[in-house]
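Generate the whole structure from the sequences, applying the supplied hints.
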Amino acid sequence: MVKEMVDNGIARESSSSYASPIVLVQKRSGEKRLCVDYRALNRKTKKEHYPLPRIEDQLDLLSGNTLFTSLDLASGCYQIPVAEASRGKTAFVTPDGQYEYNRMPFGLVNAPSVFQRTIHKILKEAQIKYAIVYMDDILIPSKDFREGIQRLGEVLQLLRKGGLTLKLSKCHFFLNVIDFLGFEVSANGIRPGSKKTEAVSKFPTPTNQHELRQFLGLSGFFRRFIKGYATITAPLTDLLKKDANWSWKPEQDQAFTGIKCALVERPVLALYDPKSETELHTDACKEGLAGILLQRNCNGALQPVSYFSRKTTADERKFHSYELETLAVIASLNRFRVYLVGIPFKILTDCNALRSTLTKRDLIPRIARWWVQLQEYDCTIEYRPGARMAHADALSRNPVNSPSGNTHVLDILQIQQVEQDWVATVQTADDEVNKIKSILSDPSSAEVSDVHKNYRLKNGRVYRVVGDEIKWLVPKSVRWQILKMNHDDVGHCGFERTLQRIRGHYWFAKMRRFVQKYVTSCLECAYHKVPGGKREGELHPIEKVSVPFHTVHADHLGPFVKSKKGNCYLLALVDGFTKFVNITPVRNTKSSTTVRVLKDHVSYFGVPTRLITDKGTSFTSKVFRDFTTSYGIKHIINAVATPRANGQVERFNRTILDALSTASHGGDDKSWDNHIADIQVGMNTARHKTTQKSPSELLFGFNIISRTEGILSTVINDTLNRTPIEGLAEVRQQTASEKIKHQQVKDAANFNKHRKPARQYQKGDLVRLARQVPHDGKSQKLSVKYQGPYRILKVLPNDRFVVEDTPMTRKNGRRYEAVVSIDKVQPWMSFSRESESDESSNSGGDSD
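When we follow this note's numbering, the leftmost residue of the sequence shown carries the number 1, and every step to the right adds one.
Everything labelled a hint here was simulated from the structure, so no lab data went into it.
Keeping only pairs whose Cα atoms sit at most 25 angstroms apart, straight-line, the calculated BS3-like set for lysine-lysine is:
no. : residue 1 : residue 2
1   : 794       : 622
2   : 517       : 484
3   : 739       : 753
4   : 89        : 484
5   : 3         : 167
6   : 634       : 615
Beta-carbon label-pair distances, calculated as ranges:
no. : residue 1 : residue 2 : range
7   : 162       : 229       : 48 to 56 angstroms
8   : 488       : 748       : 40 to 48 angstroms
9   : 634       : 678       : 32 to 40 angstroms
10  : 434       : 794       : 52 to 60 angstroms
11  : 165       : 301       : 41 to 49 angstroms
12  : 689       : 762       : 34 to 42 angstroms
13  : 485       : 457       : 22 to 30 angstroms
14  : 169       : 385       : 43 to 51 angstroms
15  : 453       : 755       : 48 to 56 angstroms
Every residue, glycine too, gets a C-beta built ideally from N, C-alpha and C.
Okay, here's the thing in structure tokens:
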């Protein structure tokens, strides 16, 4: 077939960078037609819509005629040349080479519009008013045989002048009755064609409530167009009442017939208008296929233009539901082709998987064979739940018998195309490879003995000798495609596995370096893959000064059930040295509430030198910032999503929650805040594992006896009387402080066993950040794991960084800045093409 096209000037050999796969379509006549899968090209093509003639005008031209002749062009698309600048885009690959079209091929999305314009120009500009041209149909009406012969001769002369030829076997001459645009045209006049309405007019009489609901689902979708719909269908809806006995009487039959008549007549059935918004609703089941062509009227409502349904064959009933839904789309397109070619429209289906079929690279063979027919349409596919597709569902479950032949679906033979065939084709277009090929063809050339040693020429293809094997020599211009096929298209393998796959069949200079650059620069991998091994960043303990309330850790715990006092949260303040905890129930997490609690704390224990919190809004607002500034407190905010940076209070939160839940067990859930005072005393008088002293001993010099004895006044007096200041200071500085330091070293050692030293970053480096997965109850298995790029603004101590977003990550034009820890950071990719000087020549070099 390709040789025949080349011999006739339809195609030619190509060296284009474009390449589309080919398929063979079997026509109804049994002949094969070569087609190209142009889905990828069509997605990037600017759509062109040539204005179609008005249906009413075309039908007016047919009135009063008795004979009708229809003409069909032979290989119509091939009769139109392709612009020289566009021929490279039509390139296709076969096992024998790469070719491109000189003439317009079937499958280009703009082919129908170009074809319509060409035929219209040839006939209409010659002032032939009687010839009706609608897409690829040419209809010549006449009042008698003499006039028909004269008009036919004039049209044939114009077609010959335009260089177009006809296919005689598909032309019909001087018919009395003809089906045109869904209308039956004859000497008796024009009336709607039976094919438009037979799916509804032959709808079987319901025999049970389930079948009746199906019919009412169909008619109910268009009830706004049927005057008195509820009144007409009342006898039918009576049969759906609870405990109603099924009894199909004349009144039900009359209502059923009346609704069917209303569905196939105006105003329900609309006249087709190519300028209106068009939708095709399809559905399929084991029993049948169905499609309804609808258009939006001036009031914004969808009206049916034509109905279609047919029974499935015995073989089709064995198909998977996805295949049946696809078949329903293709069969509906074949039925409504005259309406849909050349206009944009939507296909609505209740099969969610069909939406991705337009962009899938690899389709199962049967789907691929059907889907190639979709290329000439400008359409999109949308999913709609089955509950909203009752009208199409009713037709598919109650199909009409179709004459044999109407169920024909084009069969397509897929030509298997492998990577080696493609590489062999692109080798012929590479100057460097052709140079090596010419040297290998001349064994006498001694000055290039290195080429004969390292390369082999076999069946006109160039191979690289690697040890005892020969590998395909990959031209420089297509190395990116080889990487894409062996990395992107096979599940985004890692570097080693990708390199192994490519090494098995191919060779090119500095392969290892090239593959590593490609894999580390893959955007999808950067967003989704989490690096293996130990996480970066070691533990950096916070210095514990042996002064009570020098460092205070603060955090909110909650929300809880709203108590009788109106409290929903707890605000915990923990002294970093003595471990003394101050727990306060609060109504909310507003900054004003937090500031009030801290002021109370300061009034008892003094102003802390350092306050450590997370990034909660109560701690980052201007109100809170003004408070810390006015009191001279150094406020330290955790890095994003790094609770270990405030581990002191995070550990206490767990203890508080355990104690509160057990204390509230069996009691009133709204009285939980009554237990806080007891829990606080219990925690402050319990011996701490690290210091071996209770927090109250390190703070006051002795344990608090009871919260009812006036904690502050009594404790302060007893402290002065019972424990000398010198003794308490020695306990704090020598005993407790040394034990805290020893425990910090031990904790750091245990933590660092599962960590590795942090990577060094510089100011200005681009990084990607671990994404915080939202807890919305939905599966997050396939969600992105990282986001970026972000730019490092400042390197902070203890493996922390100040980062800002870039234009690529900025949302709503608002700048974002945050402090992040090292374990949330990964380097961003560096993606640059290999320079000419960086690669060795194809005539030598090592694969590594």
